[in-house]
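**Q** So the chains spell out like this:
Number of protein chains: 2
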Amino acid sequence: MPRPRSLTPARIATATLAVIDRDGLPALTMRTVARELGMATMSLYRYVADRDELEALVVDHVLAEVDTSQPAGEWREQVAELLGRLRDVVRAHPGTVPLLVRHRHSAPSSTRWIEAMLTALTAAGFRGADRVVAQRTLVSFLLGALESEYHGPLAGAGTAAMAGLSTADYPILAQTAAAAARIPPDEEFRRGLEIVLRGLVPGGGEVL
Amino acid sequence: MPRPRSLTPARIATATLAVIDRDGLPALTMRTVARELGMATMSLYRYVADRDELEALVVDHVLAEVDTSQPAGEWREQVAELLGRLRDVVRAHPGTVPLLVRHRHSAPSSTRWIEAMLTALTAAGFRGADRVVAQRTLVSFLLGALESEYHGPLAGAGTAAMAGLSTADYPILAQTAAAAARIPPDEEFRRGLEIVLRGLVPGGGEVL
DNA sequence: CCGCGTAGGCGTACAGCGTACATCTACGAG
DNA sequence: CTCGTAGATGTACGCTGTACGCCTACGCGG
Chain A
1 MPRPRSLTPA
11 RIATATLAVI
21 DRDGLPALTM
31 RTVARELGMA
41 TMSLYRYVAD
51 RDELEALVVD
61 HVLAEVDTSQ
71 PAGEWREQVA
81 ELLGRLRDVV
91 RAHPGTVPLL
101 VRHRHSAPSS
111 TRWIEAMLTA
121 LTAAGFRGAD
131 RVVAQRTLVS
141 FLLGALESEY
151 HGPLAGAGTA
161 AMAGLSTADY
171 PILAQTAAAA
181 ARIPPDEEFR
191 RGLEIVLRGL
201 VPGGGEVL
Chain B
1 MPRPRSLTPA
11 RIATATLAVI
21 DRDGLPALTM
31 RTVARELGMA
41 TMSLYRYVAD
51 RDELEALVVD
61 HVLAEVDTSQ
71 PAGEWREQVA
81 ELLGRLRDVV
91 RAHPGTVPLL
101 VRHRHSAPSS
111 TRWIEAMLTA
121 LTAAGFRGAD
131 RVVAQRTLVS
141 FLLGALESEY
151 HGPLAGAGTA
161 AMAGLSTADY
171 PILAQTAAAA
181 ARIPPDEEFR
191 RGLEIVLRGL
201 VPGGGEVL
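Chains as they are written, first to last, in the numbering used here: chain A, 1 to 208; chain B, 1 to 208.
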């Protein structure tokens, strides 16, 4: 056949990630990625259908970096390790956080990580709907924590404003906001994960 | 002084929300909101500095709808009730989910809800950093759950694709994906919240 | 009652976005 | 060498957010 392809999905994803890492998510543009690749803008469309597909490509690329080998240890340690690995990889490319939320469902690379998570949960004794709920609860917590951290700094002014609220109208909040700013993200995540893991009991159990 | 203002923040927020509810978040545009208000596009800029401020306005408006009166019952019931109220209000306007994540920090209306949450946690015995972590873990879970539900349906094809994966490479995933589609969002949220609440123990405690 | 200054309302314009379309061109197969 | 195909690209369009400047309606001091 004619002219061979000059770009691979991996090369496109790498260039896209370079743009995001260097200039931030708002700089992600069909034009900037094409320039990063040394091509004309429209050439990119020979490889991706539209911007959404480009975003999905970079998300898949990032998720592919996650080590999905089964961790050792007790099941809670395994789960914590797998969540930590994913979190570390994503935090190395903060600009991809909003993209991850939108496109993780269409990322083939996520399947290995999910399988490893489910393997740990299965070994713990989770079955059927319990296993699904356990998995999704852990993922919701992880995504929420990543997004909170991503959007938090922009509104550091917000937390500061809360600390300055009248202690009369919001006695507890004003007092808590000050303490909140002193907890490092890693510690906050670790302790939050401990809470979720402590609540996960194979075989279920009602609390309400 | 001269000409009085003809628009209130509430009226602007209502019009914006109407656009989002009727035509979806992508339809949210300075032009569409101005048209909804019966004004010229640029007139809107007499009331908001830019699009971001308009988005913050609608988020604050939605959060103001949440009943923040202190719920009755044991502290876990109170927390579940407060999370449920917020979730119900946001789910009534699904298009605002991404906006909520980005702008909740600059929403004055959120303070009353936070104060109510912290009140329940304080009554339970949480103090200092423990209280901060408890609060943030609950919020991260809630936001993650809302976002997952919001972005999930778009990629229903994704879950379907997982169910069709080779049971050889991904034995547990393929089996789990089928069960996953049968759990209603409300049940998933309720059971997930039960997990988190079960893990919340005042006074701390290590698990790892 | 009048005009005057202020701020509301708006029309125009521009840069930047995603991308449809038509064209040119480099290549592998015959 | 030639030809068909698909890669590469230039141009163009509709849409976005918003800067700028003009016009005008209004409440107040005279």
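Hints in this document: simulated from the structure, not taken from any laboratory. Think of the CB as a built atom: it goes at the ideal place given N, C-alpha and C, for glycine as much as any other residue. Watch out, some of these pointers could steer you wrong.
[Claimed, not checked] Chain B stretches covered by chain A per the calculated footprint, using a threshold of three residues with CB under 8 Å from any CB of chain A:
no.	region
1	79 to 86
2	101 to 111
3	114 to 125
**Q** Each hint: holds or not?
**A** Consistency of the hints with the structure:
| no. | hint | result |
| --- | --- | --- |
| 1 | 79 to 86 | violated (count 1) |
| 2 | 101 to 111 | holds (count 5) |
| 3 | 114 to 125 | holds (count 5) |
In summary, the structure is inconsistent with hint 1 from the numbered list given earlier, while agreeing with all the others.
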